[in-house]
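Undergrad: Protein sequence lines correspond, in order, to chains A and B.
Each residue of the first sequence is one higher than the last, beginning at 1 in the working numbering.
Each residue of the second sequence is one higher than the last, beginning at 1001 in the working numbering.
There could be a bad hint or two in this list.
[Unchecked claim] In silico DSS-like links for lysine-lysine, alpha-carbon gap of 27 Å or less:
1. Lys271/A - Lys1075/B
2. Lys1059/B - Lys1035/B
3. Lys271/A - Lys1121/B
4. Lys45/A - Lys141/A
5. Lys271/A - Lys1059/B
6. Lys412/A - Lys342/A
7. Lys1059/B - Lys1019/B
8. Lys271/A - Lys1028/B
9. Lys1075/B - Lys45/A
10. Lys1028/B - Lys1059/B
11. Lys307/A - Lys271/A
12. Lys307/A - Lys342/A
13. Lys141/A - Lys1075/B
14. Lys1035/B - Lys1121/B
15. Lys1035/B - Lys1019/B
16. Lys45/A - Lys74/A
Quick caveat, the hints were computed from the structure, so don't treat them as lab data.
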Amino acid sequence: MTELAWISSTINTARPQAMGALLRYFRDLDTAEEAFQDACLRALKNWPQNGPPRDPAAWLIFVGRNSGIDAVRKRAKQAPMPEEDQISDLEDAESDMAERLDGAHYRDDILRLLFICCHPDLSPTQQIAVALRIVSGITVKQIARAFLVGESAMEQRITRAKARIADAGVPFETPGAVERSERLAAVAAMVYLIFNEGYSTNSGEAPARAPLCEEAIRLARLLLRLFRTEPEIMGLTALLLLQHARAPARFDEDGEIVLLEDQDRSLWSRKMIDEGLALVDKALRHRQPGPYQVQAAIAALHARAEKAEDTDWVEIDLLYSLLEQMQPSPVITLNRAVAVSKVRGPAEALAMIEPLEQRLSGYFHFFGLKGGLLMQLDRGEEARVAFDRAIALANTAAEAAHIRMHIDRLMKDGAARGPARTAK
Amino acid sequence: MLYAILCYASEDVVSSWSKAQDDEVIGKLLNVQEKYVQAGRLGPVARLLPTTAATTLRKVKGEAVVIDGPFAETKEQFLGFYTLECADLDEAVEFARELSDVNPSGGSYEIRPVQMFQANKIPA
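Just chain A, same shape as in the assembly (with noise of 0.2 Å):
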């Protein structure tokens, strides 16, 4: 590893607080980002021959505050208009240095950075793309690639959100303690968000979107230490832990989904792992169930079962009927129904989700896992009727193709017996 990847990961790191910090001062997107862009191009000639700061966040924004003035001063000489209102907090410049960044203003500019990509007028898609540019510092062609779309329809798309961003304005005042939590709240979500749209991929496509997994850990990792005792949050980041320690073993050689149950999981991540159930061992001792941690304890149940056998069913079952009280919708019943088919069978769980067909008329694992059932239950056309569904509207060749394993053995068998299984 170069001296110059070193930088740039040391850079990358302390981006969001700077980043965050020069936004508050600047009150303005783009001056911020240009000011942050001269404060690397500073480092980079700066940390090779004086070595490292101590603290780089704390030279980033002090040196691209001092850039972003200038520039801002620069500007207002061109055209004729009163800066001072567009800078805030001039007259502090250097007594912040001194400050530093232990106060608690670095926590709300971070929070504010995330935040402010969250806006309800944003696409999730944009949301996301916006993100990883501002607050993860990922490239344009990276995140095209990761949205396997051209270079410049994202850069498009990004400079779009952007001026809505701009055009709503920024939230400035320090955030009482109600709206931190629902800002902390949004920002989660949009976490989630970004991890699901990495996870949910073809393996053809994985290795150009597992960076979007590694980067909503990083920055649900970055909440956690922003908001450490805060119990969801813990719950999110176990939760995106536990998923992504199952990636090397999601797909076969020939690329094909490997179910949960049949996935080699001497391949899953240990490291990960022991820190998800950490997680979740310290968030439940709050007592303050959410969502996060429903999904993150079942997560952990999986984990915990060293054979697919030993999996507790019962207790998934019942973590699932809790996340059904807390956000009720059909998807969760849905998965609910697999715990139910393998507690108390697949009549039982077909029953289960026979009601939700209307409403998930268009969802592929809907007819993934009523075949499954009713492949179980030794109803073969019906459960080729609903293979034929629900290939029709597989997302990805694999999934197309993990049905199609199904109708070639109902084809083979006639009325084929087989486990009721639902791609995870």
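Knowing the structure of chain A, use the given hints to seat chain B on it.
TA: Frame of chain A, contents of chain B only:
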């Protein structure tokens, strides 16, 4: 004398390394340890999960209270430790210097003589 070499660094920095970067650092650190292992001087070594996964039990007004994370928020966190048999402090400092040379995290190594040591075995 047995020394504990305690590793402190910024968790933010270390946890944002890519897997490749992390593997590279760990590989180099293992290289440094190798000759000490061969010489039979290196005892247990541990790398800890991030402090976000930590819990602290602390007596508050005589009552044990469990809180999240380490008690004090600091710029650098305790990330792991080595135990090394050394003739003198210089040897311990030399070991820490070798580790530091290959570790780009820019943290610090605290060198502490060990007062009591129990090499209990945990069955694998």
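Undergrad: When the hints from earlier in the document are held up against this structure, which numbers fail?
TA: 2, 5, 7, 10 and 13
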